[in-house]
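K.L.:
Chains A and B, in that order, give the protein sequences. Note that this note's numbering has the first sequence beginning at 25, numbered continuously upward. Note that this note's numbering has the second sequence beginning at 25, numbered continuously upward.
Hints listed in this document are in silico derivations from the structure and should not be mistaken for laboratory results. Hints are all accurate, no fakes.
Which bits of chain B does chain A cover? Going by a derived footprint, with three or more residues having C-beta under 8 angstroms, they are: (1) 107 to 121; (2) 208 to 215.
Covered by chain B, per the in silico footprint, the following chain A stretches (three or more residues, Cβ under 8 angstroms): (3) 47 to 58; (4) 153 to 159.
All residues carry an ideal CB built from backbone N, CA and C; glycine is no exception.
Number of protein chains: 2
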Amino acid sequence: MDLYDVINRRRDTRREFTGAGVAPDVLTRVLSAAHAAPSVGLSQPWDFVLVRDPARLASFHDHVATEREVFAASLSGERAETFSRIRIEGIRESGLGVVVGYDPDRGGPNVLGRHAIADAGLYSVVCAIQNLWLAASAEGLGVGWVSFYREEFLRYLVAMPEHIRPVAWLCVGEVAELPDAPDLERCGWRHRSPLDSVVHQESYGRRSIDISASAPIA
Amino acid sequence: MDLYDVINRRRDTRREFTGAGVAPDVLTRVLSAAHAAPSVGLSQPWDFVLVRDPARLASFHDHVATEREVFAASLSGERAETFSRIRIEGIRESGLGVVVGYDPDRGGPNVLGRHAIADAGLYSVVCAIQNLWLAASAEGLGVGWVSFYREEFLRYLVAMPEHIRPVAWLCVGEVAELPDAPDLERCGWRHRSPLDSVVHQESYGRRSIDISASAPIA
Chain A
25 MDLYDVINRR
35 RDTRREFTGA
45 GVAPDVLTRV
55 LSAAHAAPSV
65 GLSQPWDFVL
75 VRDPARLASF
85 HDHVATEREV
95 FAASLSGERA
105 ETFSRIRIEG
115 IRESGLGVVV
125 GYDPDRGGPN
135 VLGRHAIADA
145 GLYSVVCAIQ
155 NLWLAASAEG
165 LGVGWVSFYR
175 EEFLRYLVAM
185 PEHIRPVAWL
195 CVGEVAELPD
205 APDLERCGWR
215 HRSPLDSVVH
225 QESYGRRSID
235 ISASAPIA
Chain B
25 MDLYDVINRR
35 RDTRREFTGA
45 GVAPDVLTRV
55 LSAAHAAPSV
65 GLSQPWDFVL
75 VRDPARLASF
85 HDHVATEREV
95 FAASLSGERA
105 ETFSRIRIEG
115 IRESGLGVVV
125 GYDPDRGGPN
135 VLGRHAIADA
145 GLYSVVCAIQ
155 NLWLAASAEG
165 LGVGWVSFYR
175 EEFLRYLVAM
185 PEHIRPVAWL
195 CVGEVAELPD
205 APDLERCGWR
215 HRSPLDSVVH
225 QESYGRRSID
235 ISASAPIA
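Full structure from sequences and hints, please.
P.N.:
Structural data, given as structure tokens:
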């Protein structure tokens, strides 16, 4: 599928999982796409733990439900009411959780490109997640990134060593459809902004409708 | 271009920039792809500062050269010798730097999905970077992510407010070619690992060649 079509079709999925399993060859292509991501110093510092056991999925679901309550308690009025209608996960329905970890020890003691920016390794892991997400979308799968959890809980759940940081739980599975608009937009939580609002010329705050024109320097 | 072709063609570019400018419509498509990335709570917390001024490019180049020396001083023997042959940036040659920032204030006081994972906003910004990188690759452009810099220097260079964190300097420009293998592999710095080495079943450390088979729980 064409890259731009995939980028525009990709959604954060919570509701649409059918529960059908992902075929092995499809999953291999999706994970290979993740593993082909850029990484600082070619460290490839990611791990993918595939979770399918119903008891483990249920355990994570219960933890996320508790964290949902924590967030809900911080809201009031319209925000609280709107949030009450929003689904935040499809952990059990998707049937597959991909837990993505960051291993800072990968790549030896001198990771090229990380001495000044410690988080560069973490950034590499997220590049892999985005590759995974796009590949899954191209394969007609849904992906939902769940972030209502405590890292120490997730590390314990999949027995990650202390030095590895859990970065994401991704619900991955077959979907009935990928909706045209993000769930949070359809629910009235928040709307997408125009591109112009995030593009600046030469220095922050200098906006221009014509992004080809470079503004003179102050 | 097909997604998987793009994912496999994408390289981290330092050497191959021709210096030709990026056409405005192409740049708009590439930035629109970034802006279509997933974001926690639909916060879209990214900013893109387009830097073309030669004086500013030269200033950043000089700063990166200093940081290269810092890293070089940490190496010895074969590592030092191998690193001496590696180019780490094409800041002036690309003719365009895209400075990507993370604005944690975007999305209001209650960003859905960020209460337990503070870095979730940062992760969103990296998803946008990976979309940008893939779109640029599909357009035949090269992208080089430079991380030999201090964040405070880059923030000052493009006048980012204190609360915005610079996440990346991306060299973006026309390239003569995109090589088949990563630069760091061709230079003998490090090699790509097999997919099996990063995939686990149910819990960390349980490896399987057949990634479709779920291992029993301990």
